[in-house]
Structure formats: structure tokens, C-alpha cells
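Novice: Both chains come to you apart, so use the hints to assemble them.
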Amino acid sequence: MLNYGDLDWKVIGAALLLSFIGILLIMSAQHHAASSFERTYYLRQLVWLGLALISFVVVIHLPLRLFDLSAYLFYFVSIALLVLVLFIGTSRMGATRWLSFGFINLAPSDVAKLAVLLGLARFFAYTKLPPASKQRLAFSAILALIPIALILKQPDLGTSLVFWVILFSLWFWSGLSPLYLLLILSPLVSLVAAFHWLAWALYFLVLLIFLFLLRPGMVFGVLTVIANLAFGIITPFIWVRLADYQKLRILTFLDPGCDPRGAGYQIIQSKIAIGSGGVWGKGFLSGSQTRLDFLPERHTDFIFSVLGEEFGLWGSFLVLVLFGVIFYRALRIATRCRSRFASSLAFGSAAIILFQLFVNVGMTLGFMPVTGLSLPFLSYGGSSLVMSWTLVGLIVSVHYRWQEY
Amino acid sequence: MPGTTLSLPYRERIGLVMVLLILLIATGGLINLQILNHEELTTQSENNRIRVQPLMPSRGSVYDREGREIIDNRPSFTVSIVAAEEVRKVTVPNLAQLLGFDTLKVRKRLRKNMVSRYQPAPIKRDIPFEMVAIIEEQAARFPGVSIQMEEVRRYTSDLDGECFTGYVGEVSDEELNRLGRVDYRLGSMVGKKGIERHCDQLLRGHEGTAYIEVTASGLCRGPYKGKEPTPAVAGVDLILTIDNDIQRSCVVALDTFCCGAIVAIDPRNGEVLAMTSHPGFDANIFSSVISEDLWRDISNDSTHPLLNRPISGLYPPGSTTKLLTIGAALEEGLINETTTLKPCYGGYQFGNRYFRCWKPEGHGTLTTVHAIEQSCDVFLYQVGLKLGIDELHRYFDLCGFGSITGIDLPGEAPGLNPNSEYYDNRYGRNKWSRGLVLNNAIGQGEILVTPLQLAQFFCGLANNGVVYRPHLVRKQIFPNGEEKTPAPEMAFRLPFSKKTLTLLQESLRLVVEGDHGTARRLRTDLYSIGGKTGTAENPHGDNHSWFVGVAPLEKPEIVVCTIVENAGHGSDVAAPTVGKVIRTYMTKKIGSDEIALTTHGSDH
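Chains as they are written, first to last, in my numbering: chain G, 1 to 405; chain W, 1 to 604.
A portion of the hints provided could be inaccurate.
As the list claims (entries may be wrong) - Some residues of chain G that are not near chain W, with every Cβ distance over 10 Å (derived):
1) Asp6
2) Lys10
3) Leu46
4) Val222
5) Ala227
6) Ile234
7) Leu242
8) Leu248
9) Lys271
10) Thr335
11) Gly366
12) Arg401
13) Tyr405
To be verified - So the derived label-pair ranges between C-beta atoms look like this:
14) W:Lys112 x G:Trp239: 35 to 41 Å
15) G:Thr40 x W:Leu36: 33 to 39 Å
16) G:Ala34 x W:Gln53: 20 to 26 Å
17) G:Tyr265 x W:Ile285: 39 to 45 Å
18) W:Glu46 x G:Ala230: 49 to 55 Å
19) G:Ser36 x W:Ile212: 21 to 27 Å
20) G:Ala230 x W:Gln53: 56 to 62 Å
21) G:Tyr72 x W:Cys220: 55 to 61 Å
22) G:Phe37 x W:Pro9: 48 to 54 Å
23) G:Asp244 x W:Glu46: 33 to 39 Å
24) W:Ser146 x G:Arg44: 55 to 61 Å
25) G:Ser36 x W:Val52: 32 to 38 Å
26) G:Ala34 x W:Arg88: 18 to 24 Å
27) W:Cys220 x G:Val321: 36 to 42 Å
It should be emphasised that the hints constitute simulated quantities derived from the structure, not laboratory data.
For each residue, glycine too, the CB sits at the ideal point set by N, CA and C.
Extracted from the complex, chain W is given alone in its bound form (with noise of 0.2 Å):
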């Protein structure tokens, strides 16, 4: 066969070029990888080996006026299995007899949650300290076991002030994108409610962030140290204007009812001394894994746990309110302190309808101060005619009915205040009748409020008119010890002049010192009580209890709101609780013990 051979020169030249041509192929992928991809490929490669582990800061404390613990931080201990360490049948079934667990049930969890055999595989989170002292004393029992340290917040139990405290949970995806991705991130802790999330900016701190070189299989080779941590900065504490000796007492008040709300407010300022929704639920138990079946006994518990009445529990105010129709008359001249209308006699015919006195046998005539002190309905529907919807509507509105107070707490509900255009609304054009003016201006009807609305108008009644924010965040104390304490912020003023608003005062201390007061039990010689009581329909049962009570009346600190659901008369009920309430601020206030004796009588 022809042309089949190759001379040796030729070979060897041939061989040549393959031996450069093998060479330049590898040194061009050299130079690809070395100088071409450099950047990036050094890039991944500290990527590889340095893990940024956040550096968690202490969440910031919080204390009543006192400077006494309402929330704080406590440790909470996870057992963790790192396989690569475990000894068989020494680790799992000495751990699973410590925790009371079944050692298949312990096997599971460390295959659950195991990332790298070199990492812990958490087993159980939040441990008793005893279980931790066992583990650690006996560290020879458990080769491989563990203990991870973090904190948690502990909410001091006997406040039932979950209401205003809220409680911390996992950041949820929704608000990872309302609240940036920057100091949040999955897994993060936020305020879900109450303070906790009104100053989860404040209270947080921020993060800091520790780098620290790994191996392939996650094992740590301590700090890396191409890059200084930035430390963990903690986060502020916060001084509250609630006094534990109040909230407590408001919390044993209501203890024997099923449901209600206390709010107490310092008219000079504004702050919330104390403030609770029963029944409560403990804020602990979202600090550590909350069951599925806990929360569904909580969420569908039919009295209603979670509501958070103070702020969002809506009410008809009943004759609570009665005063402001007085004021509104007052103010426009529809009536004054001497005023008599048609009298009492159990009841008044508008139209083809017949309105109840609630009290049957009727009050006769009766001046202004006295229709008051009595709550006499018949004279307020004569009122709230000569007033009109519309007119009411906006004495409600300037009373800051209708609209949310602001208060620092998210979730708060702004009630419902209607006028005509809202009849019009709901029932049609001239489809609805005037009478139902008579209903608004004894406080039922349509109208809804809540008990912090409530007890803010009874605050502009008892500081003369000047209504200051209800507030919870009395002083903020930076962890470089630095303090900021907000001034207390004035709302808005009640549309009431001098003279209306003392007449006003006038029959809140008739209402407990009046011979006919409806409050008259509450009556101490001690110090002076003023307030007024409220009877609430309900259309689903029984009737609401209410009762606002100022204290002491020649210069008001103090104003109680108390709402017992379903309890019956303002006066039977909700009256002594505010009385319990008061008698505890009075106590503290002139520290005498003879108060608490003397009065104790009176209460009954």
C-alpha cells in the first residue's frame, strides 16, 4: 500500500508539536483560571471558608413607671446532637432517658435537623436548667450532646399585660417585605404586637456580625481573621407609664368576671397607668414552641382571648356618654343648668314609638345637674331631639369618638360614630327614622366606642377640657446610657366652655356623692370620687357593664375605665371594680394604711 509511511524527522517533528501543543493547552487553562477568573474564583473560595454568623443583641428590657420588671430577657437552653462526636448507644439512649423521650423519637430529630454531621442537630428546644446542669456535670454521659444558649422574653406573669406588652414570633414573609430586608431577615424575632412591635425598632438593637473560617464539612476553625466582627449592639430599654401596683389591682378586680377591660389614665399627661383585657392569655408561651393544639384552644375559645379589649373592644358607651349630649346641649344654648323639660315618667312617646326610662317608675322633673346625676333617659331624649343626629355626631367627633386615639399601640380600633349621611348609607334615603337621635344621645344606638376612648373624654372632663395622648412610653433608655423622655403630647381640647365643663364636673361628683347618685357606694370620706356608670344593651345578651371613675375630684390623677361584659348595671358591677382600682392608687399615693381599712367597709 502506497504513501502509508512517515519519515523519522517528520515523526519527530509531529511528536514535537503535540508535546507544545499539550503544554499550551494546559498553561492557557492555567492562565484562564489563574488570571482571567481570578477575582471571582478567589471570591468563591472565601466564600467556601468564611461563614458570617450574626451576633445576636440583648433585646432591650422594659419596667413600669418604677423601674420594676414588666418584660425581660431569660436564657433558654436547646440540647443539640453533633453526629460526627455521637457514640453509638451511648449519646441517644442516655439523652432520651434524661428527656423522657423514646430514643427512636430522639433518632428522628437529629436526622430532621441535621445540616453537616459536624453542626448540632437541635432535639429539644428550651430545656429546664436542671436538665443543662445534668448534661454538663455529667458531660461524659453524653459524648456529642450540646447546649446552645439564647435568649427569650419573659413576660411577668401576674400583669396579664399582654395587652399592652404584645409578644415576639418569627418574622413572617409578609412583613420581612413591609419592613425591608435589611434588619430583618427569615428566621428573625419581631414584635408581633402590643409595645413589643409599636417599638420593635427601639427594642431590638441591631445586629452584629461575627466571620469565622470553616471547613469543607462545616467544622469550625475558629475567627477568620481577615475581616473584624462588628459587635452586637443591644437594644433599648424602655421605662412605661404603667404602675404593677395598679395593673395588679386592676387585674385582681376583674378576676371573678368572665370578660372586661380596666384602663386607668393620668389626665394631667396622658399615661397609662395600667390597662388590661380579661380574659388575658400568658405572653410566655410565644417564647417558647408554641403547640398547634394551644393555639387553636386560644383562637377559638369563644371568650375571646385574644381580643384585645382596652383598645379594640367595641362597646355601646350607654349612659356613660349622656354627658357629652348635656355638653353638646349646653354649648349651643339648648338648655341650661336649670333647665327643666318634660317630666319623667318612666318613659317618652316619640312618633308611634315609646322610649324607656331605665328606671320604670320614673323621675319626675328634674334640673339638668340632677337628670345627670340620675341618668335620667326621658330627659336626655329630649336632648338629643333638640340636638339632632347630625349635631351629636359632631360633639362625638370633637370628643375624639370615631376616630382612633393614637395611642403608641397598634391594632386600635376607631369605634363608629354616625351621622345622617351613614343612615343614608345603610338604611337608604329618608329611610330611617329622626328617632334614632333618642338612642344616640343615651349612648346606644349605633354608636360604638372603646374603653380607651372612654376613659381619654373622661380625662378632657376632669383636666378641664384639655385632653393630653394616651401614651405607654414614658422614658427610653439608650445603651450608652443615654435617656430620652418624650413630653407628654396635648390631643385636643373638648368643645366645652369653662362654665359647661364645671357644671359637668358638678354631676360627676353628684353621680357618687349625690343623694340619689347612682354610684353613691363608691362614697369615701377619705378622698373625693366622681364618675359615672353606664348600662349598655347589648342585642346579644346581657347587658354591658360600665363605669368611669376620677379621682381625687378637686384635682384629678387618676381616671378608671371599666367595662364587665354581660354583667348587668353600671352601678352593681363595673362601679366597685373602679372603686378597687382607685382605692390602690389612693393607698399608694398617701401611703396609709388607714385608708384600706376604713374604706373596705364602705365598699358594701
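So that you can see chain G by itself, here it is in the shape it has in the complex (with noise of 0.2 Å):
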């Protein structure tokens, strides 16, 4: 049995206390609905959370040899789950993301987040190539390019994104400088900067200076700079093929009022719905933005739009903190663990999480695009929350057995 009092408390009071708000929000975000089904998801929450805190335990009680051991097994399944749902999945809003098992909606997503997390984990802790081999650059790319292929199939972009995160934050846990992050990076920022010839060629020629100091090795330099020039070139011809839907879609996400009664209403009324809160919001089921159906989608992506309108600024940040202490938590029994293998876990769970809330937080303020991603703890849904509770289940874990190897 485990000494209760030893466990990592305010972890694990962090993500109560911001499960608890989540049910409190999705009540009032459904308070007023027309369906008695859609006024009763908290209720659903509820339970969900209930299940969550069951995955939670077993996940606290498992000693952390049995994920090393079986790591990639897992990773093996939920790909075996994800081509699944290709198959047989649930289609919503066409996109194809749930396994039906009678009653419960499963995503394979959330499952393969955690296979992921811990098949590069296991195959950072035993590697004895250095952190900037090709080889094994090469291989755990290929661990997370398999899921994030398949996700892109159902498509859910949003999501595809997670597993490119936990790579990253891997690559640079496991001791990868972040000057070669940026550099493999790189072709990104020349994807947005080719909008704009200008800028292009002047972003290209810093690449080049830094490309000049760092020294990388020849390879790695060519294939940076050719990366760069492709991305850079491809740009301005994908953006021409584009069709106007999807034009229209990113204009909107750079500037939400260009149409604000079609792709930029969400954005238009979740700023609308936080401002008005103001610093003390407008009180727990009085947001008139929430109550009057102008918030979309407000029990799930924008749930955080609800707590701005109701809680203002005081709750919004009350959040922020609880999920800061999160981090905070999990950075240092990271750095404080002697395994390898669990340090990477504890990193890599706290790294989701808050690439979850940024990209969410910063849609509902209108600072990132509409991608999908749910709001860790607080959105509705049963196998994010679940999914949510199972990594801070990993982070108190490794908190409880810093000392083993």
C-alpha cells in the first residue's frame, strides 16, 4: 500500500479544485439549454470525473517498471486502435475520431498521447546515442509521425499537433540543445514567413548566419537550408491552390472581424463573452453571452470563454494559477528524479497539458487559431478528462518513487 501522506497533495488538489470548476462551468454553460439531455451534462461530468479519479488510482498504484516494460505494447495497441477507427470509428462533424463501445465513446487520440509519451520515453531512457544523432532524431520522429499520420486522416489537426509537442519536449528533455530545436523548427517560420518575399529573404539570411555560427554538421546544415527553401517556395503556390473555404479560414483566424457572421463568430463572441466579464464577471449563470446561446460550443472548446463572462478576471486567473502549480510541480519532480525513464514521463505530461491550455486559452482570447482542442480538466468530455487525470496520475507517481531507477 502507498503512504498516502507522502503523495504530491497539491497536484493532485490543483486538478480537483479545477475538475470541480469545470462541472460548475459546464452546468452553467448548459443551464438554459432547451433539452433536459443537454442541461444534464454536468451530471455526465460528474461521472466521467468519477472514472477519471478510478484511472487515477490505479495509474498512482502501478509501479512505474510496469509502464517501462510495457511501453511499447501500448504503443503497439493504440496504433492498432487509431487504424481501428479509420475503419469502424463514429463520425461527428465529419470527422471520424470515436470507437463505440455501447454507451462510451472512446477517442484512440487521448489513448495514443499517453502510448506515445511513454514509447519515447522508454526509447530515450535506454539510447545510448547522443541527443543530436540522426539516428536518433530519425527514430523517435518516426514513433510519433505514425499517429500523428493517422490522426491527420481522421482529420483532426488540432490533436496531430500533441504528438508533435511530445516529440519536441522530449527531444529537448532528453538533453537536445534548443538551438536545434529552433533550427528544426525552422521551416515552420519560413512557411508563415513566405507570405511576404521580403521578409522571407530576410528571415532566410539570420537562418543563414546562425547556420554559420552553430556549426551543426554538414548534413544537418543542408538539409535545414533545403527545408527552409522548399517550405519558403511551396508557400505562395499551396496558398494560390488553396481552396476559398480554406483561404477563408486562415484570414479569419488573422483577423476574426473580416466575417464576423461566419468562420469569425466564435472568436467575435468568446472575446465578447470574456471581456464583458470584466474583473469580477457577471456571476455563477448570469452571463448573458453563455445564457442567450451566443457562445458556440461553450460546454466543450470554449469553456473558458464561460469562466472569463461569469468569473472575470479574478477566476480566469485562479485557474491559470492552479494550472501553473501543475506545472511548477511537475517541472521540479522532473528534475528532481534519478529515473531517466519517469523524468521523461513527469516532463512530457506537464509539457500536454500546456500545450492544451495555451492553444485553447489563446483561441477563446482570439490570439490562436480555431483548432479543437480541448481544455484540459474543465471541458466536457469523458476520455479528455479521463486522459487528463491519467497524466497527472503518472506525474504524482513519479513524484512518490523519485528515488527508484
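Specialist: Quick look at the structure:
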């Protein structure tokens, strides 16, 4: 049995508080809904919280060694589920993301997040290759790219980004210099900069100087330059070929006001909800944007807007602080623990939550595009909640067993 | 490869910096929206949920001088479908069957008029009340069907009063710019013609506002509690000077003719007792949706039903203004009542032109009074020559011709009262004959007057020279019960002395009561009538027939001016018409059936 006094109660407490705040917000979000099914979403979330806590308790009782040993098996099972969902998955709004088990819908992509985290953590724990070696980078990238490809096929661009984040965060945590990370990410900058030839030319010049000073090796350097050139040239080419609605989506992200009735509507309404909440908020169940249906997807993707409207700046800031507690503790644990595998688990778990928080909150505040990533602990959704609590379980477990090798 | 790894404490520090950075960015975003842009976004959130709904005031009703309806409001029902509540294969087919449409037409209108799935989309306006009753009683057969009520104008139909009532219509862009956008907005109803237009500000009342809370899809969630609604203020009711009985007698009197107009005025105060333009149109057609076909028929009709004949129809006055010519000459001392001029042998030679008298066998030698009584042209030609064009013009001007009367109706025409300057401009200096004055002296030539102007002139004659401004509004009754009665306004005084006026009044009497009077057939023993006939030559067709009658002559109370277009002699057509109107007035005044019985014979 565990010695419960030694568990990291700060993390557990923060996660519990976030979960209960989430249930309150879901209740408020659908309080005035027409159908009783929608009005009782919060009760179902409460049930899901129970399941999530069971998962959490199971995770903290399992020895870390078991995760280590079963990491690859788990990885292959989740890949199999991802393949399966493409064939027999349930479709909603044009995307096939769920496997239906009677009354429960399971999103294999949530399982895959955990699996990729375990797989990569195990790989980085035992490899003898230096952090910047090509084989090491290539193998770990393949581990991440397989689920990414399968998830893009669903299609679900937002979730696939999480896998990139797991890959990059573990590359970084296992010792790859951030400068190399920057070089690897540089083609993405090219992609954006290429919208204006002068901006891209300047950026490319800076990149060349950077490469000259860093001298990362012939092959790496040449690949970086080629990738940047390719992305820089491809972008304008792709842009011309994009369908109008795709262009509109990108333009809407850059300027939500350009199409206030269509694609920009959600972002505008979310900003209005949060902004009108002010410092103190309009009060529980009293947000007019929420109550009168102006907020879209308010119990899932835009739950943070409900928070901003009804509880204002102080409520939103409190939630950010609770998340901060989890990140800070996770980082401390990842630094302190002795096992490389456990350290990667703790860091990666925090990175997944941090990334989803950033993208989701950024979307509700209007500086990130609409991706459909949910807010951990707060958004309505069973597998998301179970997944978040499993990650918390890993962090708490690593904390509890920090001395194990 | 060198320098590729980073020590653990460094990585932890970078990690912490990342976490802090992201939380700071999020906090910054929150502060930006919730503090810096709070006010603007609050306004937007309020605009989102509050819909301002105008509360329409009841437009003022219009009554005749005895309080009988001329214009009032009636409810008009519009049937609509709320798409969100519609039941497939029930709502649309049942409604289509009730309205007598096919289902496709109903579907089409639903699609075209739908603003949101939760707001009623109008299918048909102004449906009969029986249909409303069916829809209300059998509500189960019409799920999602709703009825909206609005008030529309109802014009008492047998009055043919559209020449003074006018009508209302949706405000046009040009009117919006002219009237200002405070009281009027797109879709407001505004008076387009007549009293509806002249008194629009009084009649329309003031819109109120209600604030209701709506959801994103436009569903009403009840009143918004943050703001008190302002109630609508009903419009002012008007009592007109019109007498519906006299108005109806005018309509009946003109009914058998193609085109014409009647104006009846009380000379003691300028109150317009009746006014009709024939043929008219039914002002009620503007209350519901006017079809393009109907509108085309009205506006292309060769009898011009849209022409407001009493105030903007222009006609040569013919012999009716001979009194004015004589009066002018008397005032100027060019003739006196016993003056005899060259005798009439059926015409008058002026220069190389021969001007005919209407009576080919001639009138012989006449004194002034008898010249009017028999309407002798030759006598008038000579008087005209004595006066000259500009002197005649001056008297026409002083008697109110050539300028609007200022009646409380829009669209009045000033008519035409030419002087030598006018002829210079038209024909060139010295390129016109002085003989034109001969025409003007008998009310022909270029002179054009409206029936209202002519009636006004005769009011002056009947009222010893004092002319009251013709008007229609007798009393304004405000919604709070307060009443306002504008005093009759004296417009001007005829340029005739008492002596001249007495003589002119005597000649009015002789026209009806004299042995040779042109309107002898109007004579009755029960009350005294005076008047003047006129037969206006019309270059475009048959002569117009004029008559202006005054009764009772000792103390005149009513002046009736009639024109019947292309109907021949004034004595034959217009005079009996006036006789009927005056009989209605006098019957009502004396309250005796006897009059109706006795005068019946003398008409024929």
C-alpha cells in the first residue's frame, strides 16, 4: 500500500479544484438549454470524473517499472486502435474520431497521446546515441509520425499537433540543445514568412548566419537550408491552390472581424463574453453570452469563455494559477527524480497539458486559431478528463517514486 | 558532435521560463479583454442580447364637423410561419389550403421572408378576419403559424374624399432626407398626400420603445429588465370642417359625369364644407399591398383620377370672372351701374378680328347689372379694353388669382394670371396684340384658375369683401383630451368698395332670379340663391361647364363652386349640380322635408 501522506497533494488538489470548476462551468453553460439531455451534461461529467479518479488511483498504485516494460506494447495497441477507428469509427461533424463501446465513446487519439509519451520516454531512457544524432532523431520522429499520420487522416489537425509537442518536448528534455530545436522548427517559420518575399529573404539571411555560427554539421545544415527553401517556395504555391473556404479560415484567424457572421463568429463571441466579464464577472449562471446561446461550443471548446464571462479576471487568473501549480510541481519532479524514463514521463505529461491549455485559452482570447483542442480538466468530455487525470497520475506516481532507478 | 547537450538545471530553468511565459501571455490576453477593452465588449454584449423594438402609436383619426368618421384605423392581420415550430407536411399544406395558394407558393414565400428560424416569416398580409378566426380556433392544424396585427388606415369609402384626405405610404428615401431621421425611419408610414401629409406630424404620434432580450438565434426571452420601456403616444385626432352629408351630395351630384370637381366653402370663416374630385380613386387601396397592375391602371387612366382637381386642376374661369372685370372697371371709375356701352349685335370688331358674343343674335343695349345677368361678352370686351391688360392683371392678383390660397393641403397649384411682361416673355416684346385683353376680360385666353381659387373669390363677394383662408382642420383633439381650435384667419380683402360689392351681389342675384338670368332654373321660393355661370372654352375638347352658387343670398353661408369638364354650358350642367348641393345644405339647416319636396320640381 502507498503512504498517502507522501503523495503530491498540491498537484492532486489543483487538479481536483480544476475538475470541480469545470463541472460548475458545464452546468452554467447548459443551464438554459432547451433539452434536458443538454442541461444534465454536468452530471455526466461528474460520473466521468469518478471514472477519471479511478484511473488516477490505478495509475499511482502501479509500479513505474510496469509502464517501462509495457511501453512499446501499449504503443502498438494504440496504433492498432487508431487504425481501427479509421475503419469502424463513429463520425461526427465530418471527422471520424471515436470508437463506440455501447454507451461510451472512446477517442483513441487520447490513448495514443499516452502511448506515444510512454514509447518515446522509454526510447530516450535506454538509447546510447547522443541527443543530436541522426539515428536518434529519426527513430523518435518515426514513433511520433505514425500516429500523427493516422490522426491527420481522421482528420484532426489540432490533436496531431499534441504529438509534435510530445516529440519536441522530450527531445528537449532528453538533452537536445534548444538551438537545434529552433533549427528543426525553422521551416515552419519559413512557411509563415513566405507570405511576403522580403520578410522571407530577411529571415533566410538570419538563418544562414545562425547556421554559420552554430556549425551543426554538414548534413544537418544542408537539410535545414533545403527544408527552409522548400517551405518558402511551396507556401505561395499552396496558397494559390487552396480552396476559398480554406483561405477564409486562415484569414479569419488573422482577422476575425473580416467575416463576423461566418467563421470569425465564434472568436468574436468568445472575446465579447470574456471581455464583458470584466474583473469580477457577471456571476454564476448569469453570463448573457452563455445564457443566450451567443457562445458556441460553450461546454467543450469554449468553456474558458464561460469562465471569463461569469467569473471575470480573478476567476480566470485563479484557474491559470492552479494550472501553474501543476506545471511547477511537474517540472520540479522531472528534475529531481533519478530515473530518466520517469523524468521524461513527468515532463511530457506537463508539456501535453501546457500545450492544450495554451492553444485552447489562446483560441478563446482570440490570438490562436480555432483548432478544436479542449481545455484539460475543464472541457466537457470523458476521455479527455480520464486522459488528463492519467497524466496527473503519472506525475504524482513519479513524485512518489522519485528515488527509483 | 560538440555542444549539443544542456545540463539538467538549465533545462529546468528553460522549462520554467516557458511555463511562466505562456501563463503571462494568457494573463495578458485576459487583461487586454477584461480591463482594457471591457467597456467596448460590454456594449457589444448588450447589443447582442437587447433588441430595441418600436412600439407603434395609433395614428390619429379624422372626423367630419359632426364627429362622423372620415379616416380611422382598422386592424390588419398578417399570417406568418415560424420555421422552427413548423411541422412537416402539416403546417404548409394546411395553410396553403386555407389561403387558396399552392404549397409551393407558401414554401417560396417562407424561404424568401425568413430572417431567422425563430422569427415569423410573413406569408400573406391583410388576410380576412374569418381566416384569422379559423387559424385561432383550429390551432392544432396550424403548428408554427402565427398572426401579427397592425393598424392600417380606413377611409370612409362613399365620401370620395381622397382629394383632401390623401393617403399614407412607406416613407421614401427622399422623404427621409427631407423630414429627418429622428421621427422617421426606413419602413415608417408617412402621409403622402392631403391632410395625411399636411398634418402628418400631428397624426403620427410618437413611437415608443420596448427592450427585449433575445438569444443568438433571435428567440425572444422576455423583456429586458435593465431599461424601462417608453410607451407610444397616440396621434392627434382631427375634426375637419367637412360635412359628410354635403360631401356625399357632391359625390352624388357629380356621379353621372365623366370628370369634374366641387368645392363648398362657408364664406363667413373659410371652412371647407365639401370637396371632391371626380373621378377619384379609393384611398384604401394604399392600406394593403397595392398591386402593380392596379397602380398602372390608375396612373395611366385617361380621366386622370390622381389629379386633385379642386386644388390643382387648372381651367380657364370663363364668364365666372366677368364679375371681377366689371368690379375693377367700377372701382377705377371707368363705368358706373347705369353705363351703357356700344350695343351687342352678336359680336365685336377689334382691329381685324371679330370677337363673338356667346349669343349670336346679340343682347342689344345693356346696363352694367344686366350685362352680368345675361353674361354679355360684347359689354365685357369693351370694359376690358378700357382697363387694359395690366390693370386687369392687377385686379385678378388682388382677388387671389395666380397665387395659392394657402389651404392646409399640399400640392396646391397657383394658376396663371398673365400680365404684359408675361406676354413679352412668351411672344416677344410688342409681338402680341392688345386684343388679348378682350379674352382675359371674359375669363378666357391664358388665364387659368383652380376651382378653389374661384370659390375663394366668390366667398369674398358673398362676405362683403372679406376673404377667409380656406381650411379643413377645425379642431385638434390631443390624446390627453386637450383641444385646440385654430381661429379662422382672414386672408385678404377684395379690392372693391361697399358700393361696388353691393352691385356685384345684386348681379349674382339676377343671374338666378332675374328674368333673363342664365341660371333661372335654380330659382326657388324657399331660399334665395345667387351665382354665376361660366362656359370655359377648352382648346382640347368640349367646353367646361362652371357654376358658382351662393346661398342664402341675404346672409350667405355657403359658396359652392362646380366645374364639369367638357360638359357644355354652365347653365345646363354645372348649375343644377350646385343646386343639389345647396339644397342639401339648406334642407339640413332648416330641417324641413318641405324643401326637398317643393324644390324637386323647380330643378327640371
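Novice: Of the numbered hints stated previously, which ones are contradicted by the structure, given in increasing order?
Specialist: 9, 10, 11, 24
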